[in-house]
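Trainee: Once you've looked at the hints, dock chain B against the given chain A.
One letter stands for each residue in the lines below.
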Amino acid sequence: MSDADFETVRRLQAERNAASAAKKGSRTFDPSNQRTDVSTKASLTESFDTTLYDREGVDKFAGYSTSIAVDGDDEDMEDADGGHRLVGQYTATRDQIDEMARGNGVEEEDILLGREKSARIADRETDYQKRRFDRGALTPTRADPFAANTHANVETEGQTYREVMALRELEKEEERVKKLIEEKEARGENGVAEHKATLQLEENDKENVEAGSTVSVVTSRKRKQRWDVSSEAATEEEAPQPTDAKKRSRWDQTPAPAAPDEGLPKRRSRWDQAPALGGATPVGSQGLATPMHPSQAAAMIPTQFGTDISARNAPLSDEELDMMLPSEGYKILEPPPGYAPVRNPARKLMATPAPTATTATMGGFMMQEPESARMLGKQLPTEIPGVGDLQFFKAEDMAYFGKLMDGGDEAAMTVEELKERKIMRLLLKVKNGTPPMRKTALRQITDNARQFGAGALFNQILPLLMEKSLEDQERHLLVKVIDRVLYKLDDLVRPYVHKILVVIEPLLIDQDYYARVEGREIISNLAKAAGLATMISTMRPDIDHVDEYVRNTTARAFAVVASALGIPALLPFLRAVCRSKKSWQARHTGVKIVQQIPILMGCAILPHLKGLVDCIADNLSDEQAKVRTVTALAVAALAEAANPYGIESFDEILNPLWTGARKQRGKGLAAFLKAVGYIIPLMDEEYANYYTSQIMEILLREFSSPDEEMKKVVLKVVSQCASTNGVTAGYLKEHVLTDFFKSFWVRRMALDRRNYRQVVDTTVDLGQKVGVGEILERVVNNLKDESEPYRKMTVETVEKLIAALGAADVSERLEERLIDGVLYAFQEQSIEDIVILNGFGTVVNALGTRCKPYLPQIVSTILWRMNNKSATVRQQAADLISRIAMVMKQCGEDALMGKLGIVLYEYLGEEYPEVLGSILGALRSIVTVVGINQMQPPIRDLLPRLTPILRNRHEKVQENTIDLVGRIADRGPESVNAREWMRICFELLDMLKAHKKGIRRAANNTFGFIAKAIGPQDVLATLLNNLRVQERQSRVCTAVAIGIVAETCAPFTVLPALMNEYRVPELNVQNGVLKAMSFLFEYIGEMAKDYVYAVTPLLEDALIDRDQVHRQTAASVVKHIALGVVGLGCEDAMLHLLNLVFPNIFETSPHVIDRVIEAVDAIRMAVGTGVVMNYVWAGLFHPARKVRVPYWRLYNDAYVQSADAMVPFYPDLEHDGLSRPELSIIV
Amino acid sequence: MADKLRTLQNLEALQARYVGTGHADTTKYEWTSNIIRDSYASYIGHPPLLSYMAVGMGDSKEKVRAMMIEKMVRGAGNPPETQE
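Residue numbers (full-length UniProt numbering), protein chains in the order written: chain A, 1 to 1227; chain B, 1 to 84.
FYI, nobody ran anything at the bench for these hints, they're computed from the structure.
Treat the hints with care, as some may be off.
[Claimed, not checked] Ranges between beta-carbon positions, derived for each pair:
id, chain 1, residue 1, chain 2, residue 2, range
1, B, Lys28, A, Glu648, 50 to 60 Å
2, A, Cys603, B, Asn78, 20 to 30 Å
3, B, Glu30, A, Asp1212, 12 to 22 Å
4, A, Cys603, B, Gln9, 53 to 63 Å
5, B, Met67, A, Cys603, 45 to 55 Å
6, A, Arg162, B, Thr7, 45 to 55 Å
[Unchecked claim] Below 25 Å or equal to it, Euclidean Cα-Cα: the simulated SDA-like pairs (lysine to any residue) are:
id, chain 1, residue 1, chain 2, residue 2
7, B, Lys71, A, Asp1216
8, A, Lys582, A, Tyr645
9, B, Lys61, A, Ala1203
Ideal placement from N, C-alpha and C gives every residue a C-beta, glycine not left out.
Excised from the complex, chain A in its bound form (with noise of 0.2 Å):
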């Protein structure tokens, strides 16, 4: 670039910076600088007439607007008012004002947005996740078989598996009859065979063929579709069919009255949810055998609390309701006898005529009235009795623990109710109460769970947790709580099993990680507590359930409960349900199972694998394509935990594998291909290279294939592939690569981010083999191709590769090719990526001194991109001269980096503090390469326009300030005065507050580096007086810099001050001082020596303090001193601090006594283990406890590090049995 660009550029940034300095309440101008070239006058040097000569005065159209604001964040507008106002204008900030302009209330918010964040479980689930509700209630009791017999009264009760298989039977029946008939209704009612959309079936192929491999796929995609449902459209059947809503209501089972919500439609849109007992609670009223909820034994009609509030607080009277009603034609009933109306104001809440009763029997349309929180807090109670204040308490609460509000009479009630009502407030208290309420309510129920029993307690809790408002919160608190009680029931739990995992299994499929993984605690403790018999027992029934979502999370518990009880445990089990004759759907959850268990247990399945591999072994060539499909995917899970062993496992069903691949289509063959892509890498190279030319056409074939999925399954393979040994570079460049780039360097594969990421991968791995030179020669043309995620794709691929590599493989041709394409990319880059950046910085790196011909080019860009309007243009500029640096210097492009430093300099009035902090990176790296000498601008004008940076709190800042400060003490303080740096003191004092530990702790070396170039005096004093600060932080912090400051400048410059301050009667200062001269002492180790005897007296006054903490810090410095003076002759003086401190080991608060515990231990390491230890045996046997506790830990910690230095110590004993007669041998 020439001089004169150059000159152009600087130029203008000082007019930029004049204009920003002449706009009022400009943040960064600041006037205690030292510039002088900001002045606003006219420049005599340049052409006044900017109409004319604009490109080289001011930008005319400066301080207008050059486009419209889109989203009102104009902030360029200069200040309307010029004029001077006496008063200061107060006006809203930024966010406030944005905020009223776009949302928050104002308008609506994002639905999607909305759900996301919701609360509640129930709104964040996908529909497949909200099938769980489709389990319907909570199943019955079972009956447990395996109880001894003082379980008997519950083993009388309950299903047997004789019945839940039967059950089970029905079901599939019911659900084949379901089907004929629809079947049949479908053809014909309409006569003519409908004509299915093809197109919906497509999609349905085209589901994520990984999905079932790992178990956050489920959970992290929103829309899934399940391709292993049933063929039998499962799915389809499920479609809402109002009519249908009982379908899986246990029709078979005794007759009950029917449910008062009979005739609701089951499926329900989210707004009418607010009822609390909806369709899909356990209402048990159902007919089910399981016991209900109790509270709604007592509440049969779902009520809808607290959204029909007329904050009528007296019932209407007779005469009201005579106004009200029509007259004639009706006639008022007498109410039955034995009806006692509800006196109770809290029931009267809970018996408001229920919603749903209402629109069904009036019909039409109905206003919603908006549910108003300030309505519902008047109405809904904070404090039940018995329970205290809680933290909240929802409407729906009041279903389940309404009872606790009725005010009954506690002593007329039996046993069992009251026993009730204790679990009740408990539960309410965990789940709703104060962190403090729960944890005792917590550990009262987990004491007493064998007490109230495990029915109780279920019954209880597990209706909660399929309540629809759960929220994560209450979620994992009733987890937790089940998890507690699961230890205390032990195999009481048994009847329950098949409950508790209706309610749990859900869960593992849950989008959040931590649910997922207190999923497969819960199980794997519910596993260990009823034992393997009584899982499989109940779990059995489920494995060819109807519902694929059922088999599903059954497979996932069961593969819990294998890593629970252990793999072989489960192996005779899992062979016969893989080789089911009976149920397809019986294979294939038992494949699934063998599929998850590696998932979920990694590298721990290897002693097993051969016994995995051979139960799923003969599924390979299934009849059922679904089976085969899944077999696929469980191989390629069971290659991927076991990798790089156990290759000899697999041999049997490489063949079927292999041969499998060839007469597969589709969804079958992207499985195929991923078990064979996983199996490759474990092969030896001979055999890799084998099995990858058979595959190979296959893969070839498919890069064609229009199907996402296979797309991406290819690509795995082929990157799985090119790494192994076997598969040679020629081979490679032969056969794959011409494919390869045509079907998969296409601008589209650029667009889908997860297509973009695989065929990064995919190329990366590839250039690994085949070399930079061979890709690169491929791609660096699209660079400059015109779309930017294509471009962005391509500079990503260059820098992994280049990363990786090296640029050596680059002939001179392609490297100009490749400057020339990544500047490209860059300077047309419309929103500014890092990937870009990063690109560059590797690309340049790379090729070091080869760059030497571009770097002019850069430079300028660089320059011109520096002069940006767009902040985060100025950023990347900057960001790229620190990530350019060292190679400059390697070029000897001095003079090109003194103009950048002078440009960056010219940059330090920057307004945003992300581009400022990324200017001052940038100049670091410049003064780190260039060295302090050779800098230009000079460090005397470059320092005092930092210091007022340093007052600048933003982190970025900040950290860059401090390091280029710091930088510069170190290396160069002669060149600016003494002066300046105590300025630079004072702002540092500020920096100890920092809630960044890095820039804590540069400013503490600077302390050091200044007080070594000024001498510590002055520096000293600031510090010595910032003691006296409230903060700990900065007292701390200071403590910390005057520890340096002692060690770099030698401790007799230090300690005699720091002494005296001791003297100041104020509890901070003293403690700072001995906070001090703990940090001093620790820095200057055997230094130490010098200076024992003469804080010694100090330290004796701070040891016989009255204040703990005052004890505490003397006892770290003894500690420091004691470990510096190890082996240097100090003993006495080490025994005098030993007689202080060791009263003190009776402390009890924590922090003090194990500072006390270590100053012993420091001594004795100073004074020999001998010494120590007869102050020891004293209390060892002492009659007091708490005196033998003390003395044991002391005992414990010597005889870990010295055991062997006690032996000659040990008391003499001899009439204790411990006689020692080789001790007294003398030759």
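Mentor: This is chain B only, laid out in the frame that chain A set:
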């Protein structure tokens, strides 16, 4: 409470790793037998000390070593009768 639990767990972990460590309820018998075992282990572990003792006892080093290992069993005599 939580603290107590933690110290207890820490102690258990410590004891699992270092058998010779004790606690407030360690009996004198346990302590002395640990001392004796530690002492013998220490003598055996320092070959010069072992040779010195062997010379002093007028026996071969190996014999002394074997004798010392032997003595580690019930080094502090039989355990005291526990009165239940």
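Trainee: Against each hint, give a clear statement of whether it holds in the structure.
Mentor: We went through each hint and held it up to the structure:
{"no.": "1", "hint": "B:Lys28 - A:Glu648: 50 to 60 Å", "result": "holds (58 Å)"}
{"no.": "2", "hint": "A:Cys603 - B:Asn78: 20 to 30 Å", "result": "violated (49 Å)"}
{"no.": "3", "hint": "B:Glu30 - A:Asp1212: 12 to 22 Å", "result": "holds (19 Å)"}
{"no.": "4", "hint": "A:Cys603 - B:Gln9: 53 to 63 Å", "result": "violated (29 Å)"}
{"no.": "5", "hint": "B:Met67 - A:Cys603: 45 to 55 Å", "result": "holds (48 Å)"}
{"no.": "6", "hint": "A:Arg162 - B:Thr7: 45 to 55 Å", "result": "holds (53 Å)"}
{"no.": "7", "hint": "B:Lys71 - A:Asp1216", "result": "holds (17 Å)"}
{"no.": "8", "hint": "A:Lys582 - A:Tyr645", "result": "violated (35 Å)"}
{"no.": "9", "hint": "B:Lys61 - A:Ala1203", "result": "holds (24 Å)"}
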